[in-house]
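Undergrad: For reference, the chains in residue letters:
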Amino acid sequence: MLREGDIRIPSGCAISGFINRKGNTVSGEQIIRSIALMHERSNGLGGGFAAYGIYPEFRDYFAFHLFYENHAVREETERYLNKNFNMEMGGPIPTRKTTGIRNLPLIWRYFVKPKLELLYQDEMNTNEFVVERVMEINSSMPGAYVFSSGKNMGAFKGVGYPEDIGEFYRLEEYKGHIWTAHGRFPTNTPGWWGGAHPFTLLDWSIVHNGEISSYDANRRYLEMFGHKCTLQTDTEAITYIFDLLVRKHGLPLDVAVAVVAPPFWNEIDRMPPEKRAIHRAARLVYSSLLINGPFSIVLGSSRGIMALNDRIKLRPLTAAEKGDFLYVASEESAIREICPQPDRVWMPRGGEPVIGLLNDQALQAEEEEGMLHMAVGERTSRS
Amino acid sequence: MGFTKRPTFRVERDSCRCIDCGVCVRQCANEVHYLDIDTKEVLCDSTNCSNCRRCVELCPTGALAVWGAPQETSGNAAWAVHDIRAIQAQANSGGILLTGMGSDRPMPGYFDRMMLNASQVTNPSIDPLREPMELRTFLGRKPTVLQLDDKGKPVDLPPQLELDVPIMFSAMSFGSISLNAIKSLAAAAESENTYYNTGEGGLHRDLYPFGKNTITQVASGRFGVNIDYLNAGAAIEIKIGQGAKPGIGGHLPGEKVGQGVSETRMIPLGSDAISPAPHHDIYSIEDLTQLIFSLKEATEYTKPISVKIAAVHNVAAIASGIARAGADIIAIDGYRGGTGATPLRIRDHVGIPIELALAAVDSRLRDEGIRQEVSIVVGGSMRHSADVIKAIALGADAVYIATAALISLGCHVCQKCYTGKCNWGIATQNPQLVKRLNPEIGARRAANLLRAWKHELKEMLGGMGINAVESLRGNRLMLRGVGMMDSELRILGIKAAGE
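Each protein sequence line maps, in turn, to chains A and B.
Here the first sequence is numbered in the numbering used here, starting from 15 and rising by one per residue.
Here the second sequence is numbered in the numbering used here, starting from 1019 and rising by one per residue.
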């Protein structure tokens, strides 16, 4: 049977996530409870988490999380890493033995910085350098897979129910200000750890519920710009779409949303001229990046989270607020499990992003060169 | 040794039904039917019958039928009847065999071996009767990056054609078809918000009001090209070649150059209009750049420039060159593409199938990272909406239809366009025949065809769980091949059914 990456596997899912806008950290225990409540939305073939703010002592280092099939591949990959990066620390990610988690790969973590001489030699910025090396490992080193590569954040994922994966990775020992989670229901049995969510690149992370019908149109467009879609999953493509639009092309997040979940033309035609111009231009230039078909996603970055539905809302998504916390999840119950009395609960419309950003104070603590831009404007707002 | 001309078709008249009214006599420009002066009976001589079926359809009593005529030779597996007939004809005449419309040879049809996908369980199909379904298509150059100015406003984009349906009427000149046929297509394009193409016949003054739905063509003969012509349309197409006759020029015989054609093409009355095989100012790709930018300069960069080529072996590299030469749209015409007149051997043996050409071009432009810079339009026997949707899934932005459009106007595909005796008033300049085609009725029928296909496109898109046509463009996972070789699947970039 072909492994994920060699074959495209559609799946349904549960997603959940929250942010503390002040940057106050909470342990992984809450997000595990939230995603565990939606147990029946996944089938034990994939679960995972993304956490931001968990490595403050290594905030200047890229935290690489890798799966290895064996130690020979690990040694070869470490040679590659050492050639390209200065490594501050490396070693296995702490896990505990957990019922229901079997067939483990080797799971290692490294805190690295790109070698300056290589950056100068290639005349590249740091992010570009890291992306290229990650793509290189994932596409040309069989048996090694980088599943997390951002700063002060990390993905933790594997094959199993999400609550078991959380226990396995000892997530209650980490403290973060953003947590997202995913429970997977693939329509196949790949049993490969790399195929679980979240999917990440730099400090982007995506958890995603849906099956996008525009996949091959999106993929073939992305591959023109150097993104290699090695996994053949929708989630990977969605991550790369945001990476291309926001990081590489420097577009504000609201314009990126207007690209992936645009209003219908008859709605655009009725907009006031300025709004119409930006929506028209976004759809025209990036028509191949419209994400068609059902999806709900939570996009995480070091600045905040954004939850988004496809433009006709074919997947569930609920949002809630309480104090500094913004919650999003497939089901309201998953929010109320960890926040029983929210100040406000709502169902976002299709194509209407729910955005929670760190406030300025919290941002200053996080601010650094190369952070991903998540500016938001009113100009594309649809309400 | 002389061979008399034998009928290809046999007209059968049911004498019990025939009332000798003479409708068929008046309708047949091939003079198949005639009135016997002595007996006052209507009779027929099938020798010149083209099977256009005009008489059959207009006979008030349904007395007529046309069949394939029994042949004096049945041919054999090596020597088909049409091969033998062709040799006999050439032995008689010493000339090139002429024909009309697209190739009718039984070559593999790749569209027919590709199957479309539909959603089941894991994602929902979308019902176009309940949910919006978008076919709006923009043709023209797109920047790679959307640039925003200081105030966050998008900078101006290059000019675009905007279509409500990704189907346009392909180039057919005034001369090859009648003014009434062109008026029908122009009005249909206007009502359905798409475009028709003048071909290289210039733009008749009656057609200027349809300018915003017109693509004006600049071909090797430069007939009718002047600044008003260039400015009149929404886009300009440089015609390098066409699928029915790649590598050769065109010839409109002087007898078709009447007053209207003469004025529109800006050539003397009754003179032959000969289009050279190449443009004599384009002997290489750098010359094409100059023509593209001359046209852009002349129209002040307000109109997208299309370059039309025939699908030939090296089409991918040629298309890449055209994109880099500055074209905004590349139109590719497959070997089954139609025409008013073409040498039979050229039509049937030169060029490659549009499906393979399209897939190769789309893949090549993506490999080079420039696919987004140009739009791809394909033509050459788009028989129905499923061909259209498969072309889009392979990578086309839109398609051109011509034969299908003419069939909607009454054409019965008899392939005798080159004779100028089209009984349906389409491929003729004979005023008596032209007036048979009422442009208002023609416009309604051509528009109906577009609307019908539009409904079918929406149904198929919805079935795939897609609600905007751009999400299908190049989305080859929506296709699976049946009965193809690995090399064909590889070139088409699709998987075999079951994979």
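In short, the hints are calculated from the structure, not lab data.
Some hints could be false.
[Stated by the list, open to error] Covered by chain A, according to a simulated footprint, are these stretches of chain B (three or more residues, beta-carbon under 8 angstroms):
#	region
1	1153-1160
2	1168-1181
3	1482-1491
[Stated by the list, open to error] Cβ pair distances, simulated, as ranges:
#	chain 1	residue 1	chain 2	residue 2	range
4	A	Asp374	B	His1473	50 to 60 angstroms
5	A	Glu146	B	Thr1162	33 to 43 angstroms
6	A	Glu281	B	Leu1147	14 to 24 angstroms
7	B	Pro1150	A	Asp338	57 to 67 angstroms
8	A	Ile107	B	Pro1126	22 to 32 angstroms
9	A	Glu146	B	Leu1147	20 to 30 angstroms
Quantities reported herein were computed from a predicted structural model and do not represent experimental measurements.
For glycine and all other residues, C-beta sits at the position ideal for the given N, C-alpha and C.
Undergrad: Each of the hints needs a verdict: does it hold here or not?
TA: The hints, checked one at a time:
1. 1153-1160: As far as the region 1153-1160 of chain B goes, the hint holds, because 3 residues have Cβ atoms under 8 angstroms from chain A.
2. 1168-1181: holds (count 5)
3. 1482-1491: Coverage by chain A holds for the region 1482-1491 of chain B (9 residues, Cβ < 8 angstroms).
4. Asp374/A <-> His1473/B: 50 to 60 angstroms: holds (53 angstroms)
5. Glu146/A <-> Thr1162/B: 33 to 43 angstroms: violated (19 angstroms)
6. Glu281/A <-> Leu1147/B: 14 to 24 angstroms: holds (19 angstroms)
7. Pro1150/B <-> Asp338/A: 57 to 67 angstroms: violated (38 angstroms)
8. Ile107/A <-> Pro1126/B: 22 to 32 angstroms: Given range 22 to 32 angstroms: violated, Cβ gap about 55 angstroms.
9. Glu146/A <-> Leu1147/B: 20 to 30 angstroms: Because 48 angstroms falls outside the window, the suggested range is violated.
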